[in-house]
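J.: Here's the letter readout for the chains.
Protein chains: 2
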Amino acid sequence: MTLKLYVDRMSQPSRALLIFCKINKIDFEEVKIDLSKQKHLSPEFSAINPMRQVPAIVDGRFKLSESHAILIYLSCAFPGVADHWYPADLSKRAKIHSVLDWHHLNLRRGSMTYVFNTILAPAFGRPVNPQAAAEGENILKSSLSKLERIWLKGSGKFLLGSYQPSIADLSLVCEIMQLEILDDEDRDRILHPYKKVQEWFEATKVATRPHFDDVHAILFKAKAQFQKQREKDTSALRSKM
Amino acid sequence: MTLKLYVDRMSQPSRALLIFCKINKIDFEEVKIDLSKQKHLSPEFSAINPMRQVPAIVDGRFKLSESHAILIYLSCAFPGVADHWYPADLSKRAKIHSVLDWHHLNLRRGSMTYVFNTILAPAFGRPVNPQAAAEGENILKSSLSKLERIWLKGSGKFLLGSYQPSIADLSLVCEIMQLEILDDEDRDRILHPYKKVQEWFEATKVATRPHFDDVHAILFKAKAQFQKQREKDTSALRSKM
Numbered sequence: 001m002t003l004k005l006y007v008d009r010m011s012q013p014s015r016a017l018l019i020f021c022k023i024n025k026i027d028f029e030e031v032k033i034d035l036s037k038q039k040h041l042s043p044e045f046s047a048i049n050p051m052r053q054v055p056a057i058v059d060g061r062f063k064l065s066e067s068h069a070i071l072i073y074l075s076c077a078f079p080g081v082a083d084h085w086y087p088a089d090l091s092k093r094a095k096i097h098s099v100l101d102w103h104h105l106n107l108r109r110g111s112m113t114y115v116f117n118t119i120l121a122p123a124f125g126r127p128v129n130p131q132a133a134a135e136g137e138n139i140l141k142s143s144l145s146k147l148e149r150i151w152l153k154g155s156g157k158f159l160l161g162s163y164q165p166s167i168a169d170l171s172l173v174c175e176i177m178q179l180e181i182l183d184d185e186d187r188d189r190i191l192h193p194y195k196k197v198q199e200w201f202e203a204t205k206v207a208t209r210p211h212f213d214d215v216h217a218i219l220f221k222a223k224a225q226f227q228k229q230r231e232k233d234t235s236a237l238r239s240k241m
Numbered sequence: 001m002t003l004k005l006y007v008d009r010m011s012q013p014s015r016a017l018l019i020f021c022k023i024n025k026i027d028f029e030e031v032k033i034d035l036s037k038q039k040h041l042s043p044e045f046s047a048i049n050p051m052r053q054v055p056a057i058v059d060g061r062f063k064l065s066e067s068h069a070i071l072i073y074l075s076c077a078f079p080g081v082a083d084h085w086y087p088a089d090l091s092k093r094a095k096i097h098s099v100l101d102w103h104h105l106n107l108r109r110g111s112m113t114y115v116f117n118t119i120l121a122p123a124f125g126r127p128v129n130p131q132a133a134a135e136g137e138n139i140l141k142s143s144l145s146k147l148e149r150i151w152l153k154g155s156g157k158f159l160l161g162s163y164q165p166s167i168a169d170l171s172l173v174c175e176i177m178q179l180e181i182l183d184d185e186d187r188d189r190i191l192h193p194y195k196k197v198q199e200w201f202e203a204t205k206v207a208t209r210p211h212f213d214d215v216h217a218i219l220f221k222a223k224a225q226f227q228k229q230r231e232k233d234t235s236a237l238r239s240k241m
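From first to last, the protein sequence lines stand for chains V and D. So that you can map any letter, position 195 of the first sequence is 195 in our numbering, and since no number is skipped, the others follow by simple counting. So that you can map any letter, position 230 of the second sequence is 230 in our numbering, and since no number is skipped, the others follow by simple counting.
If you are wondering where the hints come from, they were derived from the structure by calculation, not from laboratory data. Using N, Cα and C, we set each Cβ at its ideal position, and we do this for glycine too. Accuracy of the hints is not assured; some may be wrong.
Derived coverage of chain D by chain V (criterion: at least 3 residues anywhere in the stretch with Cβ under 8 Å from a Cβ of chain V; other residues may be distant) [claimed, not checked]:
# : region
1 : 34-40
2 : 100-106
3 : 173-182
Facing chain D, according to a computed beta carbon distance under 10 Å, are these residues of chain V, among others [as the list claims (entries may be wrong)]:
#  : residue
4  : 72
5  : 73
6  : 95
7  : 103
8  : 104
9  : 108
10 : 149
11 : 150
12 : 182
13 : 223
14 : 225
With a cut-off of at most 20 Å between alpha-carbon atoms, the simulated PhoX-like pairs for lysine-lysine come out as follows [stated by the list, open to error]:
#  : chain 1 : residue 1 : chain 2 : residue 2
15 : D       : 92        : V       : 63
16 : D       : 146       : V       : 63
17 : V       : 153       : D       : 146
18 : V       : 63        : D       : 153
19 : D       : 63        : V       : 92
20 : V       : 146       : D       : 92
Only chain V is shown next, with the shape it has when bound in the complex (with noise of 0.2 Å):
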């Protein structure tokens, strides 16, 4: 039986799963839980994940949710994937659980609230909270910065100072790809000034090329829809004045 992965490629979390299965060639059927329509509510999806949210996965009788849970337990099931992702070494595994732990309560809480509250509640038919929006941006700006001054410290291109990506670079990675549906400028305010955390995000593309594009080209036309969204906005704006 093909392991299943139920996904929806505008989740940072369900993006990196799929980049990791076709790196490391593994099969998979991907079956979309489409966010947008509310389908990870449904009866069927509630009776694969009681948590009701993407990703998780079926493989054989054997169900599992958490993105961070499903990259290891992936590592470890399938032979094929190359040490790097999830190395066996006891202190690098160690430090690998670290960053994905640390990983939940910064940069994915920064990125998450700053982008819900700014562009995504509207199209969930939520108003917009600029207080949220400002929380978020703390946290994600506190988070990048740890990330360059602690993270990214070391000789290497990756996380620890790692000179092949890992399973947390391509989750944190995907993680800050979100941002790329914000308006432009304040993607770039956002990002600038951490030099080393860009350098970072510009090799684990290359180094999971092409996939990285294929399964991230949803966000660009989600992004070229919300940009036409802004501009029709601003000139009904406009034309009010």
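Given chain V, put chain D in place with the hints provided.
T.: Same frame as chain V, but now just chain D:
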């Protein structure tokens, strides 16, 4: 060289780590990093953990932060640790990772936000924030409900239907113990609807005694102090009326 744990027993992940080492007879030196005196911001501690958070460990020349990563590392690095804490079986291990990953942005985020914005803020010279407390309470209640319906499903007393506790039980129970410093009525109001959570909570306490009680003693002292302060505030308020 002995393993060093940099902890403050007032921090819930610090307590999880201490109980884990004691119950598994892992030799360690406890180095207190007093959060109320901002010792986590000192240059000495920054050299141990540049993220400036407890807990952190030093094992020989190896430094590690983030409590889940530490619990996993210790389970693998010290041969005496019983398998049920962090099973070698790939699927069981994956499920434990899944609970631990879920914890960060759910139970931990809810509990931390609620407790800080109701009780702890004044101790750190910050005002209480009723709006943030309400948000924390919502996340906390939703997490407890998912814990009850999803993670505690199954025949065993512990998470994932297990018959013996894992590092996930320890981490999550120590988080819920933090609610002890609330006013009793408030704590009971939050926990009362979740019968399975209460049973599991008791089972984990019993399975980890006497270390559980020993390590939590500080919390009961703090609870008594907060209680005294509340009584003082109430009587001061009454004398003004």
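J.: Could you tell me which of the numbered hints above are not met by this structure, giving the numbers in increasing order?
T.: As far as the earlier hints go, 1, 3, 12, 13, 14, 17, 20 are violated by this structure, in ascending order.
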